[in-house]
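Heads up: the protein sequence lines correspond to chains A and B, in order.
Under the numbering used here, the first residue of the first sequence is numbered 5, with each subsequent residue one higher.
Under the numbering used here, the first residue of the second sequence is numbered -3, with each subsequent residue one higher.
Quick caveat, the hints were computed from the structure, so don't treat them as lab data.
Built from N, CA and C at the ideal position, the CB exists for glycine as well.
Just so you know, not all the hints are guaranteed correct.
As the list claims (entries may be wrong) - Label pairs and their calculated CB-CB ranges:
1) B:Ser101 <-> A:Ala20: 46 to 56 Å
2) A:Pro25 <-> B:Thr5: 56 to 66 Å
3) A:His178 <-> B:Asn146: 50 to 60 Å
4) B:Ile17 <-> A:Pro95: 44 to 54 Å
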Amino acid sequence: MNTALLEATDLAVTYASSRGPVVALQGLNARLGAGEFLSVLGPSGCGKSTLLKVVAGLLAPSGGSITLEGAPITGPRRDVGIVFQQPTLLPWQTVLDNVLLPIRTLGMDGVAGRQRALELLELVGLAKFASHYPNELSGGMQQRVGIARGIIHDPKLLLMDEPFAALDAMSREHMMIELQRIWLATKKSVVFITHSIPEAVFLSDRIVVLSERPGRTVREVRVDLPRPRNIDTMASPAFASYANELRAFFSTLGTA
Amino acid sequence: MTLSERTKTILYPLILLVVLIAIWDGAIRFFKVPNYILPTPAAVLEAMHRGYIEGLYWKHFFYTLQSMVSGYLLGCTLAFLLGCLFAESRTCERLLYPYVVALQSMPKVALAPLIIVWFGFDLASKVVMVSLVCFFPMFINTAVGLKQTNPALLDLMRAFSASRLHVLLHIKIPSAAGHIFAGLQIAIVLGLIGAVVAEFVSSTKGLGHLINAAAVNLETNTMFAALFSLAVLGILGSQAIRRLHARVVFWDRGAIAQAPLSE
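All chains should be modelled from the sequences, with the hints used to inform the complete structure.
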């Protein structure tokens, strides 16, 4: 795996706050291969979201390097898609128009975009809701619109910042299976930020574990579970051993 | 027999109105209040008839309506544009902020005599006065509303390389719509005050002038008739904005239901 799509080397991020400078990340190393699903797992406030903002080009690193296809990330790039913790849809636009947002801001072909948006809505199971408004949809459905919007412009890399954290437990499980299905269908490279161990194990090819703030890479786990994974996977001994391993690791970390 | 909720909302205030008029009429008869202090409902009705059936008040009504509408549109448009500029440009904000605060804390109606001196006795001075009082609530609400756009939405738009104009038009202005309509709502009430004050200071037409002229002759029934006309103008204006609000900001119905109470 020498052709990394995304590579972070000794990445450090310090930002100013009202209480002085905050070191959010320090000595973070991670790489992502093309088509890979990578989870970044860490406790709350470990700088996971900061990492995502850096990859999205919304925040400049203060040390180390981060490259996408070998080129340093200096600002937002059109070949990166993003999905936030909250769906952050525009309530005054229909589901279809919300999905089309990146097409409009990036000045892409509207007719082709529309076609693709309808296909993606089909893929995320919301074809019937194209002309609905976001507040007519459940939280899980809204987040699926967010996912469709994140990949409408066919990015090489999809960034997801705890996209299911705001959902109830049942929709979360459902959405994990949905996301895997969408990922298998689109084969995007994904960086998935989460603080949920089962979520990370279920979805990932690889998991990068961050320490508490300042976040740095403290462990990397490759998840070799056959795909497509399903509800039964979650009950399998292999799944449990991955989850337990991570849980045990966090408990030693937590007392430190 | 059960009445629908809608019928009740209309019927109950009407019942109260009838009761109040009856008390009003009864009190005048009982305490023998002279007509130049408080007119009877019949006398007010007679003045209304003279004004709107025989048509003596229409020119006053339309004069006030005209100054109100033109001043409102002028003031609110300017306030909206400046509000956008203010929210978008940090330099502009720094430059203007102290003056905005100073002007805002000054009672604008105190400027009425000066405005008459500058813009004459005719419609122009009334329009200027109305736009001046409409300006501030609209300006402040626009600027505050635009600045309160959800930061996550702005991050998202940055991540998708949206242009500044795109963000302003498609994200910030719709986000601020609730604030902007609240500004429009306050402005319509204040605008009417502005129109009347300007007419008080100097005018030969308008409902404010009508009240002033009637006061000289102690024609309280005319004064009441003009006051009711002003109330009708105010209600029509507020309702028009409310309807527009509900139609434009269709995604936020809760805020609209609360709007009239927040005035």
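Between A:Pro25 and B:Thr5, is the Cβ distance one that fits in 56 to 66 Å? For B:Thr5 against A:Pro25, whose Cβ atoms are near 58 Å apart, the range 56 to 66 Å holds.
Satisfaction of the hinted span 44 to 54 Å by the C-beta atoms belonging to B:Ile17 and A:Pro95: Check passed, 45 Å falls within 44 to 54 Å.
Is 50 to 60 Å a correct range for the gap between the Cβ atoms of A:His178 and B:Asn146? violated, 26 Å
Range hint compliance [Cβ, B:Ser101 to A:Ala20, 46 to 56 Å]: violated, 34 Å
Violation of the numbered hints given earlier is confined to hints 1 and 3; the remaining hints are satisfied by the structure.
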